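Q: Construct the entire structure; sequences and hints are all you get.
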Amino acid sequence: MLSIETIRNETDRVKKSIADRGLTGGIDRIIEMDLRRRELIAETDMLRARRNEVSGRLGRSKEKPPELISEMREVGSRIKQLEGDLRDVVAEYDSLLLDVPNIPEADVPVGDDDSHNIVVKTVGAPPDFSFDPKPHWELGESLDIIDFRRAVKLAGSRFYIFKGKGATLQRALITWLLDTHVSEFGMQELYVPHMVTREAATGSGQLPKFADTMYHDEEDDLWMIPTAEVPITNIHADEILEPGVLPLKYVAHSPSYRREKAAAGRDTRGIKRVHQFEKVEMFRFTEPEGSPAALNEMVADAEELCSRLGLHHRVLLQCTGDLGFASIKTYDIELWAPGSGDWLEVSSVSNCTDFQARPAKIRYRAEEGARPQLAHTLNGSGLGIPRTLIAIMENCQQADGSIVVPEVLRPYTGFDVIGPAS
RNA sequence: GGAGAGAUGGCAGAGCGGACGAAUGCGCCGGUCUCGAAAACCGGUAUGGGGGCAACCUCAUCGUGGGUUCGAAUCCCACUCUCUCCGCCA
0 MLSIETIRNE
10 TDRVKKSIAD
20 RGLTGGIDRI
30 IEMDLRRREL
40 IAETDMLRAR
50 RNEVSGRLGR
60 SKEKPPELIS
70 EMREVGSRIK
80 QLEGDLRDVV
90 AEYDSLLLDV
100 PNIPEADVPV
110 GDDDSHNIVV
120 KTVGAPPDFS
130 FDPKPHWELG
140 ESLDIIDFRR
150 AVKLAGSRFY
160 IFKGKGATLQ
170 RALITWLLDT
180 HVSEFGMQEL
190 YVPHMVTREA
200 ATGSGQLPKF
210 ADTMYHDEED
220 DLWMIPTAEV
230 PITNIHADEI
240 LEPGVLPLKY
250 VAHSPSYRRE
260 KAAAGRDTRG
270 IKRVHQFEKV
280 EMFRFTEPEG
290 SPAALNEMVA
300 DAEELCSRLG
310 LHHRVLLQCT
320 GDLGFASIKT
330 YDIELWAPGS
340 GDWLEVSSVS
350 NCTDFQARPA
360 KIRYRAEEGA
370 RPQLAHTLNG
380 SGLGIPRTLI
390 AIMENCQQAD
400 GSIVVPEVLR
410 PYTGFDVIGP
420 AS
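In this text, residue positions in the first sequence follow numbering that gives the first Met the number 0: the first is 0, and each later residue adds one.
Just so you know, these hints were derived from the structure itself, not from any lab. In this text the structure is predicted, and so the values were computed from the model without any measurement. Any given hint could be a false lead.
Ranges of calculated distance between the beta carbons of each label pair, as one might list FRET restraints [said to hold, decoys possible]:
(1) Asp84 / Leu153: 47 to 57 Å
(2) Lys152 / Lys208: 31 to 41 Å
(3) Glu198 / Arg370: 22 to 32 Å
(4) Pro419 / Arg272: 19 to 29 Å
(5) Thr174 / Val119: 24 to 34 Å
(6) Glu70 / Glu288: 49 to 59 Å
(7) Glu9 / Arg370: 18 to 28 Å
Backbone N, C-alpha and C fix where the C-beta goes; we use that ideal spot for every residue, glycine too.
A: So, in structure tokens, the structure goes:
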């Protein structure tokens with residue numbers, strides 16, 4: 000959520016940023032509602048002040064003049080009426096406000112879609128195969144480490160079963176990632192709920208806009224997380240963090256649940272786009288001055304992980320048309336998958352500034368006794384598991400169809416190769 | 001799932017229809033005293049909204065949402081959460 004002050008004082012900049020994203024927004028209507036809102040507040044506050052004053056007097060004196068009491072009765076019902084009006088105005092105002100995206104940073108390229116994202120860095124080179132590399136779905140089935148057919152029987156399309164060394168490889172990857180984040184990158188590990196309340200999903204900006212992308216339990220009104228970002232964002236909701244607490248650097252492994260309705264028919268083979276997948280999520284709470292540097296550090300950490308796995312990758316700066324709703328600037332990290340001939344987004348690192356902190360009321364004091372102000376939040380994958388596994392399988396495949404496990408993972412897997420016999 | 005108790009400021013805890021945004025204690029900040037510290041004493045110490053260039057004025061908030069009343073932390077209703085006991089359970 001943007002602040003109303005920003006919308007009021009920098010209306011043109013806000014409008015331009017919405018247009019740059021290829022969206023249209025009800026900014027004028029918001030300003031209108033804001034005006035109406037303040038009028039109503041001023042009027043009710045005046046009446047309430049009058050009522051407080053008279054009631055106070057009435058309480059102190061023995062006399063209870065009936066004409067004053069009946070006047071106050073009227074004032075009371077007028078207040079009630081105005082409160083109803085205000086509620087309606089605020090309801091529309093709030094929902095419009097929640098619909099306004101964050102303002103992209105000045106150096107974010109303007110563009111309609113991901114074809115305008117800018118490659119800022121490429122690391123390594125595609126592997127040099129003396130044979131035709133296979134896509135991971137073929138490798139997975141021939142090595143008997145992924146079972147698509149039976150997963151569909153259990154849960155429908157876009158689900159999968161990892162078997163044997165495939166399942167072990169995934170577990171090894173998750174553990175290695177967490178260990179590296181914790182012991183080398185200085186993050187604190189979290190384990191979080193996989194379902195959250197409506198309020199929490201609203202706090203991180205998922206609801207109401209993206210309701211149809213989430214799985215939802217009607218009975219308890221709980222929402223299955225599409226990313227650990229949702230619960231982590233809300234950890235410090237409604238808190239005022241004491242001086243010196245920031246920055247907070249968290250990492251969490253969790254499953255992510257996504258309907259993928261918008262992508263119906265796309266990437267239907269393999270495990271690139273699925274309804275349930277594991278992810279290791281990086282998350283930081285910082286002071287406003289610290290968020291740009293934190294963004295760079297998080298990108299560097301994610302990249303470092305790709306490098307240590309020995310995977311050819313590139314870093315892209317998202318253009319305005321591709322940029323997430325809450326973000327002012329996002330870098331994507333993509334791994335090359337030679338078997339499917341595709342770049343795979345394994346991390347998307349975003350600076351959300353105070354956009355999530357505002358509705359969630361995540362505040363801090365810069366120093367003892369200072370006025371609370373909004374913290375900044377940043378999130379990014381470190382890394383998305385299935386796509387990283389795709390890259391490992393396709394990059395590390397051998398002529399005989401086996402897969403050589405990246406060296407850093409071997410202490411965790413306990414084997415070096417996934418061969419046909421597994 | 002059943003029975004009971006509870007939810008008040010950073011913490012502990014009083015208040016149970018009017019002078020209560022809230023006693024008191026602790027903590028924290030500032031001051032006096034001291035070479036310095038401790039103790040003692042004095043003062044200050046919530047968050048958010050609206051108006052104002054500002055000083056400042058004003059409104060709201062005692063778990064949440066309604067209700068009664070001229071007036072609600074206090075009375076009524078619903079909900080949420082926490083704790084204790086019983087049952088069930090990975």
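Q: Honestly, which of those hints from before does the structure not fit?
A: As far as the earlier hints go, not one is violated by this structure.
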